[in-house]
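Single-letter residue listing:
There are 4 protein chains.
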Amino acid sequence: MIKVGINGYGTIGKRVAEAVTLQDDMEIVGVVKTKPTYELRGALDAGFPVFASTKSKVDFFEEMGVKVSGVTEDLVEIADVIIDCTPGKLGVNNMDMYRKAGTKAIWQGGEKHAPIGVSFNALTNYSSSINADFVRVVSCNTTGLGRTLYPLRQKYGIDNVQAVMVRRSGDPKDSDRGPLNSIEPVLSVPSHHGPDVQTIMHGINIQTMAVKVPTTIMHVHCIIAELDSEPNVDEILGMWESTPRVNLVEGFLNKDGDKIRNLPGTAEIMELARDALYTRGDLNQIAVWKDGVHAFGKKLYYYQAIHQESDVIPENIDAIRAMFNLESDNMASILKTNKALGID
Amino acid sequence: MIKVGINGYGTIGKRVAEAVTLQDDMEIVGVVKTKPTYELRGALDAGFPVFASTKSKVDFFEEMGVKVSGVTEDLVEIADVIIDCTPGKLGVNNMDMYRKAGTKAIWQGGEKHAPIGVSFNALTNYSSSINADFVRVVSCNTTGLGRTLYPLRQKYGIDNVQAVMVRRSGDPKDSDRGPLNSIEPVLSVPSHHGPDVQTIMHGINIQTMAVKVPTTIMHVHCIIAELDSEPNVDEILGMWESTPRVNLVEGFLNKDGDKIRNLPGTAEIMELARDALYTRGDLNQIAVWKDGVHAFGKKLYYYQAIHQESDVIPENIDAIRAMFNLESDNMASILKTNKALGID
Amino acid sequence: MIKVGINGYGTIGKRVAEAVTLQDDMEIVGVVKTKPTYELRGALDAGFPVFASTKSKVDFFEEMGVKVSGVTEDLVEIADVIIDCTPGKLGVNNMDMYRKAGTKAIWQGGEKHAPIGVSFNALTNYSSSINADFVRVVSCNTTGLGRTLYPLRQKYGIDNVQAVMVRRSGDPKDSDRGPLNSIEPVLSVPSHHGPDVQTIMHGINIQTMAVKVPTTIMHVHCIIAELDSEPNVDEILGMWESTPRVNLVEGFLNKDGDKIRNLPGTAEIMELARDALYTRGDLNQIAVWKDGVHAFGKKLYYYQAIHQESDVIPENIDAIRAMFNLESDNMASILKTNKALGID
Amino acid sequence: MIKVGINGYGTIGKRVAEAVTLQDDMEIVGVVKTKPTYELRGALDAGFPVFASTKSKVDFFEEMGVKVSGVTEDLVEIADVIIDCTPGKLGVNNMDMYRKAGTKAIWQGGEKHAPIGVSFNALTNYSSSINADFVRVVSCNTTGLGRTLYPLRQKYGIDNVQAVMVRRSGDPKDSDRGPLNSIEPVLSVPSHHGPDVQTIMHGINIQTMAVKVPTTIMHVHCIIAELDSEPNVDEILGMWESTPRVNLVEGFLNKDGDKIRNLPGTAEIMELARDALYTRGDLNQIAVWKDGVHAFGKKLYYYQAIHQESDVIPENIDAIRAMFNLESDNMASILKTNKALGID
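Protein chains in written order, with the working numbering: chain F, 91 to 434; chain S, 91 to 434; chain X, 91 to 434; chain L, 91 to 434.
Keep in mind that the hints were calculated from the coordinates and are not lab data.
Just to be clear, a hint being listed does not mean it is correct.
Said to hold, decoys possible - Straight line, CA to CA, 25 Å or less: simulated DSS-like cross-link-like pairs of lysine-lysine: (1) K349(S) - K125(F); (2) K349(S) - K179(X); (3) K345(X) - K147(L); (4) K190(X) - K202(X); (5) K349(F) - K125(S); (6) K147(L) - K388(F); (7) K125(X) - K349(L); (8) K388(L) - K388(F); (9) K349(F) - K179(L); (10) K345(S) - K157(F); (11) K157(S) - K345(F); (12) K125(L) - K380(X); (13) K145(F) - K93(S); (14) K145(X) - K125(L); (15) K380(X) - K349(S); (16) K145(F) - K125(F); (17) K349(X) - K380(X); (18) K147(X) - K179(X); (19) K147(X) - K345(L); (20) K157(L) - K380(X); (21) K147(L) - K125(X); (22) K145(L) - K93(L); (23) K147(F) - K349(S); (24) K125(F) - K157(S); (25) K245(X) - K202(X); (26) K179(X) - K190(X); (27) K389(L) - K389(F); (28) K345(X) - K125(L); (29) K349(F) - K125(L); (30) K190(L) - K345(X); (31) K389(F) - K388(L); (32) K349(L) - K179(F); (33) K380(S) - K125(F); (34) K345(S) - K179(X); (35) K93(S) - K345(S); (36) K157(L) - K145(L); (37) K179(X) - K125(X); (38) K145(X) - K345(L); (39) K157(X) - K349(L); (40) K145(F) - K349(S).
Using the sequences and the hints, build the whole thing.
Rendered as structure tokens:
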């Protein structure tokens, strides 16, 4: 049993913790949190040992009635691997601490690729992380692009990809985020999403633009992929149907020429995840609208929706497996994780 | 085992169906839906027999690959009780159909009290529905008002209540609803919420105002209750602590004079429900902010948040019990339901 | 001609500046801004001298091609009165600077009453500011409450007021504000709005609750005023009709029993202000929904909408007049200001 | 003086009416409205004769105290040209009425090109409408694409354009529109925007995708234009600087390496239009973010924002001039209109 510690028990951290407990080859040995807020609820319910981020914080936890098992360094000591889910761009500051303790570590996509050196997506480049000490699981958006672009590249070859990411502004719980009633473009082009895909799909030619909009659930990608040969939409739908962690959905049903709203937007897709009784109403899969896939010549157009809170969760599990070489084959790990999480 | 049929498998219908399956004294014998949209997912996963609303709809279901077990009348025939979750103000049109079949029925709060004659809240007036044939479970808002006002009335007596309901605009899945960037008052005063409370708390003096705002999760009630004697806030918090289906939350934590955001708004409260791993991320309980309860003289001020999709679900279960006299005591039914649903 | 300087050229500052230029007894001698952002546009178009907040900022203005006429102290020296529109709670730090220069000053409602000592509303307590050196124009919300409560108190007497303020989250331009998809109550009761009304209506008994919602335009007040004698709605509407800076609107039109949407929410009221071709689409008046005014016994219920960016603008003008005793009578000043601004 | 009638006094109709009154070669002879709602305010203030849409509506206007000058047919009779601003796809039903009366007509972009036969943009194809009887002014989005793509095509040639339109959901006054907290893709590709550009820029190769997001102000276009030769960004900025009705804006200011928010999103751009004291706070120009324009090889990437309520207003004025051959040269008309409207 691999001993897993979570450093940063927020949106991603708590989900990885829950996912770990569902696997038979790893377990949670503790979680680090900076403040004893309501988000500890899940940890307390699950009986995870709670660690304060620093000594100075221990008091506050105890005032709130939370038993503290130590501080970050203590957890690093006992864990085989730390999942670092501290806020973006700060996580790499912990690298020395992990290295000194001889503890492996996984960071999330908010960190840059360079200092970590290995970026991970289970489908596209699992093997690059086998036996690695430090791995970065790429962001929700990069993960989503990887999952649908990979089979396209395998089958047709990709000349170039142009994508526009329509980004939600904050997670549902981040109620202090804006913008309200505004659309904000990411003015640097390519936005960071494009180059980041190259860390998991070597040499892919991709440019991305992005805008931020006032919603809290799911990003939407508008993708234009110019392939090396002419795509066939039905064939592609079939390919994606059998790609793990890709979920084809229909925006509208057709009945006698009428279009009936089915899953026209991200709100309904989130409801579908709740209807499926997925934990927390999460959708680990990338949703691709079947009726939004179109081909003109070598260009393929499609829309996909990304559940920013959860699509990387199974990737973290697979990354752990790769780093300890629990499975040498990516599909073996993916299917094992999916089965444990009840997804496909 | 009471045979329960669901007429209208939407926001409320699907939740009642799932809640019924968790009880040991009732079971689902079928659900009626008007269109074979994605919302059938839960029914298909659960193996509920699916009925089309009318014969003319059967085709559409079959085209979508959904096996149809009959139409509404067929389900009414085999059920002991129908939970009518058809859209507000249309449901009573079905009363004759239920009466002819000798089938009991429960309607939701979108219907008016008068044609049904009995309105229900498990805490405030369970006994009025014992052995009744037709019962109306009051709306999410009325349910919420009943749960917190009832113990206040028991303990202090209530002179009058003034409440302002800040209403979400649509359920999360109702993505075609507005208003966007607007606040809309309900100009008729009292709004329908006030008089409706009188159907479950006889003779209470309550006026309500309401505004609609652009969110999809939870209503917030701002309540001013003038009591017959001076309230004690700590005593009241204790009372609510032991009231079933009331959940005290803290908006802010205090640490050395700083206020730290904990559960300041409805977004965080919904996240708490997800963290508790409640089904669908629902919160069947009414959330009352502890740090928002204040007394001045005989007036008590407090805020509560209502999860409009789910607070009435356990009430529907209790109503079934009352109508078949499965439990003669309200607390017995409430506790049995709560235990089955994993709430308190 | 009174020489007016604006310290803080943002939402309020720029509007006061424009309003000053429309009066015949005062003029703008300069505006202070901290950064040379787009919001200088109006100042440059109008030819207002621009002052940098501090010496260290002068460079930045000049790099952006903006001619700088000096820094804050220079403007304070040449102005007869400074309108301090610096961010809330920081403005009083400037009091010493104004005092040393012998320059009068007006602060906005974000400041506390105590250090300034005189709070101002033209309708309710104009005379208290005559010849004063330092005056605070109360907030948009307090201004709105004052305008509609004052005539009620004059006519009927007020026993107590309970009000719930449904607040927009940020101004339209403040696109980095939340909350998104959340309702946040102000958990301290009374919220600061209630006590603040007492600074302009001595001895009034008022409690307020408040919630923050995700819109950018207008606050809505839900008001329950318990009067000393039974109110007559028609009489009150007549009274408000003749109250300056109060604007009666109809939410719905009635045609053969149908209710037709007219001005049901704040979005439509803002559109009305644009249709009236008011500068910037502002609404200096308080909008009260005629069809939302109701009386039960001594209790009067009504809704009003507050344009948070602009209702205090004419108040600032009137405050200047009072401080220099340009008009000794409040109605004379109000009507002069209104005429100049094209409102009533 | 060309006699102009407005059929449909809503978002576009009222703005065209106001713009007409500012020209010296045309005048308003009446406006048609279907209901006497608040939106008549501008017409009454301006003294425009009001016509009811049909005889059956006359009563309602008179009950509301609005003098009616006749019905639609009466206005068509006296006008030289009707600006048809009735809701999309219904306007062409009026074509016979206009033809019988020998009255010219302009429709808006909600109508299809085919039945009208001539689509109009002042910059790209003014001459095609000279002396035409029936003309369609293209939609806000097509207008925006035309304005920035036209000079690119003139200078570099365009191989193909890929654009993603991030659309606001409803106009500010349309407060009953959704979606709330959702992103909805337009699943048919190309969305109608692409082919529509071909009606004003013959033969251009353009595909478009679109998503709807919960804001009320401005669309944002993410544009990828593959040119026939390598573009130079500075040259292009210079070109757009001198293109009428295009407005370059800066998202961020740079000061010593810090990026300072200036006009990062649509909310701030709308504030800029208010600061410029444009009527109603409208922005007739297309806003292009200077710091969002980037070139890689032959591909040019840029973002632009479209004020959906107003960018077509000057186009309607120019279209009238073309149809009556008041100006034979497009730039002459454009500059005359711009001067009258106070824009550039």
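Evaluated hints:
1. For the hint pairing K349(S) with K125(F), the CA-to-CA distance comes to about 12 Å; that is within 25 Å, so the pair holds.
2. For the suggested pair K349(S) and K179(X), the alpha carbons sit about 18 Å apart, so the restraint of at most 25 Å is met.
3. With a C-alpha separation of about 10 Å, the suggested pairing of K345(X) with K147(L) holds against the 25 Å cut-off.
4. Restraint check for K190(X) and K202(X): the C-alpha separation of about 21 Å stays at or below 25 Å, so the hint holds.
5. Distance check on the hinted pair: K349(F) and K125(S) sit about 12 Å apart at the alpha-carbon level, within 25 Å; holds.
6. Using a Cα cut-off of 25 Å, the hinted pair K147(L) and K388(F) is violated, with the two alpha carbons roughly 55 Å apart.
7. Between K125(X) and K349(L) the CA atoms are separated by roughly 12 Å; this keeps the pair inside 25 Å, and the hint holds.
8. With a C-alpha separation of about 19 Å, the suggested pairing of K388(L) with K388(F) holds against the 25 Å cut-off.
9. The hinted pair formed by K349(F) and K179(L) meets the criterion: a straight-line CA distance of about 18 Å does not exceed 25 Å.
10. Of the pairs offered as hints, the one joining K345(S) and K157(F) holds, with about 17 Å between alpha carbons and a cut-off of 25 Å not exceeded.
11. A hinted pair counts as satisfied when its Cα atoms are at most 25 Å apart, and K157(S) with K345(F) qualifies at roughly 17 Å.
12. Between K125(L) and K380(X) the alpha-carbon distance is near 20 Å, which keeps this suggested pair within the 25 Å criterion.
13. Under the criterion of a C-alpha separation no larger than 25 Å, the hint pairing K145(F) with K93(S) is inconsistent with the structure, at around 58 Å.
14. A C-alpha spacing of about 58 Å is found between K145(X) and K125(L), which places the hinted pair above 25 Å, so the restraint is violated.
15. Distance check on the hinted pair: K380(X) and K349(S) sit about 40 Å apart at the alpha-carbon level, beyond 25 Å; violated.
16. Pair hint K145(F) plus K125(F) holds up; C-alpha atoms about 12 Å apart against a cutoff of 25 Å.
17. At most 25 Å may separate the alpha-carbon atoms for a hinted pair to count; K349(X) and K380(X) meet this at roughly 14 Å.
18. Between K147(X) and K179(X), the direct Cα distance comes to roughly 22 Å. Compliance with the 25 Å bound is thereby established for this hinted pair.
19. Between K147(X) and K345(L) the CA atoms are separated by roughly 10 Å; this keeps the pair inside 25 Å, and the hint holds.
20. As the CA atoms of K157(L) and K380(X) are separated by approximately 23 Å, the hinted pair is consistent with the 25 Å bound.
21. Proximity of K147(L) to K125(X) is assessed by CA-CA distance (about 54 Å); at most 25 Å being required, the pair is judged violated.
22. This hinted pair checks out: K145(L) and K93(L) have alpha carbons roughly 23 Å apart, not beyond 25 Å.
23. Pair hint K147(F) plus K349(S) holds up; C-alpha atoms about 15 Å apart against a cutoff of 25 Å.
24. Restraint check: the Cα-Cα separation between K125(F) and K157(S) comes to about 51 Å, which exceeds 25 Å; the hinted pair is violated.
25. A threshold of 25 Å between alpha carbons decides the hint, and for K245(X) with K202(X) the separation of about 30 Å lies outside it, so the pair is violated.
26. Between K179(X) and K190(X) the CA atoms are separated by roughly 20 Å; this keeps the pair inside 25 Å, and the hint holds.
27. Pair hint K389(L) plus K389(F) holds up; C-alpha atoms about 16 Å apart against a cutoff of 25 Å.
28. Restraint check: the Cα-Cα separation between K345(X) and K125(L) comes to about 10 Å, which is no more than 25 Å; the hinted pair holds.
29. Restraint check for K349(F) and K125(L): the C-alpha separation of about 31 Å exceeds 25 Å, so the hint is violated.
30. Of the supplied pair hints, the one linking K190(L) and K345(X) is violated, its CA atoms being roughly 33 Å apart against a limit of 25 Å.
31. For a cut-off of 25 Å, the pair hint linking K389(F) to K388(L) stands: about 18 Å separates their Cα positions.
32. Pair hint K349(L) plus K179(F) holds up; C-alpha atoms about 18 Å apart against a cutoff of 25 Å.
33. Between K380(S) and K125(F), the direct Cα distance comes to roughly 20 Å. Compliance with the 25 Å bound is thereby established for this hinted pair.
34. Taken as a hint, the K345(S) and K179(X) pair is honoured in the structure, with Cα atoms around 23 Å apart against an allowance of 25 Å.
35. As the CA atoms of K93(S) and K345(S) are separated by approximately 53 Å, the hinted pair breaks the 25 Å bound.
36. Simply put, K157(L) and K145(L) have alpha-carbon atoms about 13 Å apart, close enough for the 25 Å limit, and the pair holds.
37. For the hint linking K179(X) to K125(X), the alpha-carbon distance of about 20 Å falls within 25 Å, and the restraint holds.
38. Proximity of K145(X) to K345(L) is assessed by CA-CA distance (about 15 Å); at most 25 Å being required, the pair is judged to hold.
39. Distance check on the hinted pair: K157(X) and K349(L) sit about 22 Å apart at the alpha-carbon level, within 25 Å; holds.
40. For a cut-off of 25 Å, the pair hint linking K145(F) to K349(S) stands: about 21 Å separates their Cα positions.
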